[in-house]
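Next come the chains, spelled out residue by residue.
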Amino acid sequence: MMASGYSAKEEDGHLPGASGAAGSGVAKSKKPDNTAFKQQRLPAWQPILTAGTVLPAFFVIGLIFIPIGIGLYVTSNNIKEFEIDYTGADMSSPCFNCSQSSSWNSTWPCRCSIAFTLDQPFESNVFMYYGLSNFYQNHRRYVKSRDDSQLNGDKSSLKNPSKECEPYRTSDNKPIAPCGAIANSLFNDTLELFYIDPNGTRTQIPLMKKGIAWWTDKHVKFRNPGGTNLNLSTVFQGTAKPVNWHKSVYELDADLENNGFINEDFIVWMRTAALPTFRKLYRIIQKKSNMTPTLPRGNYTLDITYNYPVLSFEGRKRMILSTISWMGGKNPFLGLAYITVGSVCFFLGVVLLIIHHKYGNRNNSADIPN
Amino acid sequence: MFKEKPPPEEERKVRANDREYNEKFQYANNCIMTSKYNIITFLPVNLFEQFQEVANTYFLFLLILQLIPQISSLSWFTTIVPLVLVLSITAVKDATDDYFRHKSDNQVNNRQSQVLINGTLQNEKWMNVRVGDIIRLENNQFVAADLLLLSSSEPHGLCYIETAELDGETNMKVRQSLPVTSELGDPNSLAQFDGEVICEPPNNKLDRFCGTLYWRENKYGLSNQNMLLRGCVLRNTESCYGLVIFAGPDTKLMQNSGRTKFKRTSIDRLMNTLVLWIFGFLVCMGVILAIGNAVWEKEVGFLFQSYLPWDPPVDNFLFSAFLAFWSYVIILNTVVPISLYVSVEVIRLGHSYFINWDRRMFCQRRNTPAEARTTTLNEELGQVEYIFSDKTGTLTQNIMTFNKCSINGHAYGEVIDTLGAQPKRAQRLDFSFNPLADRDFCFYDQNLLDSVKLGEPAVHEFFRLLSLCHTVMSEEKSEGELMYKAQSPDEGALVTAARNFGFVFRSRTPSTVTVQELGRSVTYALLAILDFNNIRKRMSVIVRNPEGKIRLYCKGADTLLFERLHPCNHDLMNVTSDHLNEYAADGLRTLVLAYRDLSEQQWEDWAERRRSAERAADYREDRLAAAYEEIEQDMMLLGATAIEDKLQEGVPETIAILSLANIKIWVLTGDKQETAVNIGYSCKMLTDDMSEVFIINGHTVQRVREELRRARERMIESARSREGGKEGVMDWAACSLENGFGGQSGEQGGWHPQQEEKPQQGSPPAPALPSLLDSISGEYALVISGHSLAHALEADMEREFLDTACACKAVICCRVTPLQKALVVELVKKHKKAVTLAIGDGANDVSMIKTAHIGVGISGQEGIQAVLASDYSFSQFRFLQRLLLVHGRWSYLRMCRFLCYFFYKNFAFTMVHFWFGFFCGFSAQTVYDQYFITLYNIVYTSLPVLAMGIFDQDVPEQRSLEYPKLYEPGQLNLLFNKREFFICIAQGIYTSVVLFCVPYGVLSQATRNDGIPLADYQTFAVTVATSLVIVVSVQIALDTGYWTAINHFFVWGSLGAYFTILFAMHSNILFSIFPNQFHFFGSAQNTLIQPVVWLTIALATVVCIVPVLAFRFLKLDLKPQLSDTVRYTQLVRQKKRKPGGRGGRGAHGGVAGLGGGALGRLGRAGSRRSGYAFAHQEGFGELITSGKNMRLSSLALATFASRHSASWIDTLRKKKQQPPQPGGEGSPASSYTAPLSTSSSMLGPPDTQAEETGNTPLGLAPSGSSSAVTPTPVRSPGGESTGGWVVSLGAVQVTPTASAPVSGLTSRISFHV
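These protein sequences, in sequence, are chains H and V.
No gaps in the numbering here: position 264 of the first sequence is 264 in UniProt numbering, and each next residue is one more.
No gaps in the numbering here: position 1281 of the second sequence is 1281 in UniProt numbering, and each next residue is one more.
No wet-lab data here; the hints were simulated from the structure.
All figures in this text were calculated on a predicted structure; none of them were measured in a lab.
Some hints could be false.
Below 25 Å or equal to it, Euclidean Cα-Cα: the simulated PhoX-like pairs (lysine-lysine) are [what the hints assert, rightly or not]: (1) H:Lys358 x V:Lys833; (2) V:Lys93 x H:Lys38; (3) H:Lys80 x H:Lys155; (4) H:Lys163 x H:Lys209; (5) V:Lys263 x V:Lys833; (6) V:Lys833 x H:Lys28; (7) H:Lys174 x H:Lys80; (8) V:Lys672 x V:Lys549; (9) H:Lys30 x V:Lys103; (10) H:Lys358 x V:Lys1119; (11) V:Lys219 x V:Lys24.
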């Protein structure tokens, strides 16, 4: 440290005492540059929180938020939503028996049906969801237990899935496809909806199973191995089905466009939920004509092929029917929140205004103490 | 570096010209290596060093934790990327530093020197010089290694060196070879030289060397006096030969280049505490979540196993909880962000550059800009409460000017303004009539010159006295080019004044003084010099003029001289006394001049008495003093001189502004009390408005204690009388006075125990006496001298001293040793919990500069020693106000804002994980994408806050000088303390709650407009992350008070970068390459296209920001800080100014007005402080009369000098080896020197020195450096060191008015060559 100090100094041949004042005249001036940056004089905007800026801001926020909130609230209230719990935890529930008997290794599907009434007609497209409660799709070990590479159709990953999939990585020394806990726990209840005419005839309501997943998921993220036009059973040869599944991945649907990894029900399930109570889009009931509502008022039955056991972990299963607006499904929280925040801001603005007028320090240069 | 170290040397044996023999011992060669690394060792060594930092190790530990799959809650890269970034930034910095070290090493190692090999001189690189070689040095060359001086071109083997690189002293020192070797003049005889030196092993004591030379069956003792140390420069010596004793790393220079002590700022310490707290907090969070995990795994997870089985090693919920704890430690680690330390360093570096770049701290004259030598202390500059300042060279320029005089009752020189603040009213006098006049001399009163020309006898006698009565040496290089070398600058000023007025002192011999009196050369016989000492405070000469009349001329302090005047002088004395009062009031240093005619008989008698006194074996000093006293009687008053000790520019203004900023300034000086007090007045530290100036001057513990007690009593009394009504305080104060400082001497802090008992009495509040002392409203000042300070600093009195001193507005410690300076600083540091700053220019200030929190060196003066030890350096005292009030204040403000925001943003970021934990089964699932976690601190949020930390300003710089009170928040540490920290944390936690709950409330039920639910994990993650980035950006926008283009760029750029990177990370391309690494493919597009998501983000932002805004507005509106008000005023002014263009420079007007108001010269009728203008030590009279120092200067005495050239050194050496006995009873002289010698002996013991030098990179020699200011005859008690005479030689200072600083030794070359 010091050695460098002294050697650097003598470099310029400046010998203190000997050269004295003469040296400084020759030496370059070390005066710092006169730039705005170096002299900390950069032009700057210096905002101050004055009553003139803060109070209007509060009012403006209030005035923007309250109408938005009201709009959201009204829109949300116009959305029709129907929800039915079919877990069968209750003795009275038609699915009680199924719920008691179902387990992952039960071979016989248990069926039950629940009747319900829609008091109001559901106009426009109706979206059918299944909802699960107390299901921790957001658990760390659960979330990571997948192999996106395999799901993207990577062949080597198909044969050799990622370690993250453990313990659902291999079964009988064969790689599981799709591997991991998420895929393994695929929701496999089948829901069917019937409209009961006032005269008693059951008409099945057509449920569309396409378009329920993100476009990017369906078309980019999830790919069957080896391209589109191959026979999936040969593609998946040498792999095992997930332990809990009843059928192989290539048997999920007859439609080649909706089979294997690109089966939309599977894709929807693979998009894990953020919270332990969640709903996932199951089917879409498309509006047929402008004349009749998609789901008219009246009685319906929900036929359930009850495969998915949830009672073991005190879970619940629901079926939800909902219409949709420009801002999505029913969501009263957002509207209410906006109204509340808007009002609070406005109120705060008023309070601050009063405080400012009564006690405010209308500061001017005169009262700077020194 | 890794070479095996030979066992430590016990003694060193070196045989000259015998490489073979010397190689046996494997002494280090002369190659130095200050670099730490080479290319191969760089990586491992540097990494090893970096991982010694706790923070780095912590992150390494986290990294290792993350490698355990069961624990890993984050990908490995989330930690490693920031860590690698941080490590590489540091590594690059280290590598650059080391590169420059390599470069300088190479340069030094490749320097050429002439080595005597096989009888011929050969050029060799420095690094090839070996121990035992004989090398030849030429004038102005650096000494290559520690050499034993063998011979030199000068007689008696003398040679001169400049040791500025070693100890910072610029004056030259003399080294002398042993007489036996000094004859070895030519290479041939030197080649035959085969002496063997046995000496001490390498050490770092610069002023000590101990060895023996064995040559030709004889033993010769070697001392430091024979050594030339590496780093010195040979001066005024044609050439010399030296034997290499220590080379390379063994040289004293290298042995001293230890690492300087690392200073930390209080913010640093607070930050470290807070980081520890945060660790604690982290562990708590981890424990809470681990408990949650245990409960969850037991209640839910156990049942949920059908879907999610436990990982193999986990077989019960407790083990799972254990793992969860570590997992959470990993994901919550971002509350202590790794980038904190790096960012803080970057900000400080930025601030340091701003200091270096400040044009207003650039000194044109010296061409030196301010320099921040350490980059780690900047914000502490904003918190300084105590400034310890050196006087000479710091407050003053150490330039004396002859300013006024009073001759025979007539005052001259009134016309000029002493402070030089106002334009000169009168024309400078023209001395062209006098060919010998000094061109730099200024005087403005024509009357005086006229009087001289008219031949007024009193005036002539006055100047004759000035030209005769002194100990100045003259030197005349060529005819008419006179150069004076005075040991004190004031004496030089007086002689120069006489010279210009036509009484030119030309030369002297031991027994004559030649004066050119108005063109006529007159030689006086110098009969005696009655030398100066501290007790006598006067000096006299007795001369016989050519006509044979004997006259005694005396100059000295008025108090002493007035007593010794002939009664007939009474009227004149009164007039002169009035003049003296005026001079003193202007802070001038005054001397009274008088003469006495002696008859031949009187002289004979007295000379006899003096001779007998000199011969006396015991009490010689006393007897001499008595003899002197005897003759200095019945003198005739001539007049008085007034010398201005020139202050540095702007010192009074700076002091005034700093004290308005509530900074207490203590002056610690080696100068005498009178001088120090005078300077105190002239720089307005002391004013006549002060209620009282206490002078503590006691020589014994009891006296000091008593004086301190009296001072306190006086202060409390007046405080009491002021608060009249408050009975309680009165009673209590009196009570505690009795108990505290009364009778019980020796009991430490007697009054503090008292405090605890007092509250029982009720009325007075608990923090009793000190607060009472604090609240003292009168202005007091304390002056304490070094010997009293020695007592006051003892353990049982330091508290008393400190409390008294701190109650005073100004404190001046005079006659203090360097060590005492450090002790005083240490005392305040220890007890006051205040930030201290020490400023000084000389080697004697090094200890206090190093001790204080912040050390400031005045550059470009005595030497570089103080600068080298300092943290900041600049060349003018007045820059201190800018350093503190502008740079320090800003740095502190910026650092505090930075820290507040930094902790806030990381808590807001991290605590979301905590809340999410309750919803994800405490599984340590992160809320965000791992890339977001990786980049949040280093990309998305780092630059705006850095820009704020570097560029923010609350008020413009002129305002902080205009309103010094703006400095106070820093001293009180208001901007960042534990309370502020908790507010930031609370705000961060609140933000995290909002950031979690709002998306939770909205998204849990929301669906997109195509029916797909929004509550999937990835959408949630993107929403929360985006909200977070926006919220913290808005927050930084709120915090930023000074939006430069850079701030705009960074804030908007960070937001832009966030979205760019977000889309890139979630893009097709990256996913198609690494499908397993980029799970979030498509989330950004799918999420951010939804209006609901944006509504959520807007809602979260408003909910986070509105309360902050409301709170800040209220604070501003109801309780505005001074800075807010100033800022507001500024805004109003700007608005007003806009239409009319730029108005006058209000700021400068303000400063000037303030300066004028506060410093307006007040009438100081009645005050009587007579300055006493002697800054030198005794002993020179003897030197002159013995003629021993004549070879220094006198042309006339050439032959005389060359004959006796060595003897004066011997005399001095002898003088030094017989230090006056300290504590001699009764005699005035010894009673004065005794305390001094005790105080200086505090420096003396070798162990203290070792400690001192150990800490010093350049290892100042304490005794040498102390003597620069307080030269006392008593030096190192070891007695063998001859440092003492060097010192006294060094004190022969250049005549200040001389244009070129030619040291006292320069002349001898011209004479001998």
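Results of checking the hints against the structure:
no.	hint	verdict
1	H:Lys358 x V:Lys833	violated, 41 Å
2	V:Lys93 x H:Lys38	holds, 22 Å
3	H:Lys80 x H:Lys155	violated, 45 Å
4	H:Lys163 x H:Lys209	violated, 32 Å
5	V:Lys263 x V:Lys833	holds, 15 Å
6	V:Lys833 x H:Lys28	violated, 43 Å
7	H:Lys174 x H:Lys80	violated, 47 Å
8	V:Lys672 x V:Lys549	violated, 36 Å
9	H:Lys30 x V:Lys103	holds, 23 Å
10	H:Lys358 x V:Lys1119	holds, 14 Å
11	V:Lys219 x V:Lys24	holds, 23 Å
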